[in-house]
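Just so we're aligned: the sequence shown equals residues 1 to 369 in my numbering.
What the hints contain is simulated information worked out from the structure, not anything from laboratory work. Even for Gly, the Cβ is constructed at its ideal location relative to N, Cα and C. It cannot be assumed that every hint is accurate.
[As the list claims (entries may be wrong)] Label-pair restraints from in silico Cβ distances: (1) Gly-39 x Pro-181: 54 to 60 Å; (2) Thr-361 x Gly-254: 44 to 50 Å; (3) Pro-181 x Thr-126: 32 to 38 Å; (4) Pro-166 x Ala-225: 29 to 35 Å.
[Claimed, not checked] EDC-like, lysine to aspartate or glutamate: derived pairs with alpha carbons at most 16 Å apart: (5) Lys-229 x Asp-205; (6) Lys-202 x Glu-244; (7) Lys-232 x Asp-220; (8) Lys-364 x Asp-69; (9) Lys-229 x Asp-277; (10) Lys-165 x Glu-115.
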Amino acid sequence: MTIERIDLEILRLPYVHFFETSFGRSYDRTFILVRVQAGGACGLGEVVAEEAPLYSSETTQTAWHILKDFLVPALLKSRDPDPLAFAAAARKFRGHPMAKAGLELALWDLKAKAEGVPLSVLWGGTKTEIEAGVSCGIEDTLDDLVTRIGGYLSEGYQRIKIKVKPGWDVEACVAVRRIFPHIALQVDANGAYIPADIPHLKALDAFHLVMVEQPFPPYDLWDHAKLQKEMKTPLCLDESIVSETSARQALEMGSCRIVNIKVGRVGGPAEAKKIHDFCLARGVPVWCGGMLESGIGRAANLHLASLPNFKLPNDLSASNRYWKEDLIDPEIVLEKGGVIKVPAGPGIGVHPVEERIRRATLRKETLRP
């Protein structure tokens, strides 16, 4: 099987409700869809880089440039669709993990479809359903936050995560715990704090949180280690973990006790699997974080989260959490018990709706050998 063509598409989807983090508020999401055609099959991958360089230095436009001018030409030159071979070859290009991950994901989907198996089989997954948590953005008022959480709990989500930032943290936890004293609750700062905030952050211990996620900026493993020594609540690192090496360094330093794995952030499934296996050997639990993907990217995440060391509820919500109309049919749904089933069909196991993709597409380009 040799690669025949690769399509790149920039899409924009509106959220059903705005999503606000310490970076700011957004009302829609822009991302790149990658399609790799070979042997009569099509592999799909989602590039999760956002429109602005907030979560990471990558953007939709920089990812498009790297894909079109470097990664795709290198892959078309070899015409070898093997995802591990691509991951190894792509290492010579420094940085740009989200661009690499989107193309590698498409190759994995293509490989699984060619072999007629779900993606989870190729990755060593052991679960058929995934524990689902939900992420709540910063709302206009604390009452709005509590109301939104109540709605998610009524739907059956197993864990609630709330976004925090200076000025929206302790008071938010007080408001949530007053109404929901026993739910599994965690907070995520996306690096919004500085070391001088350590005394304030220690106050979060009072709320019996599952974890405090990424309080300091990504580069700051040292201050995360200092904070973890002073807090009972486990710290979890997200943006700081960009490879197996950074995961090892963080754990050796004592910078966290839990690791969040996002395929796009670490450069693809091959590196994500290495991080998973390393943490499993160390007895450190991991969970799958989301980047507000469409159903295409979310399906790939479900297959990843089927690996055995994903031991905490994941940020893998149903399609209707974010989208009025997802790009796939049937859409991803939350099942009884707060779980989402791992798609059972070949590859990512979901069916894209071409008309929905067409309506959401802003730009498209086809590249051939």
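Violated hints - listed by number, lowest first: 4, 6, 7, 9, 10
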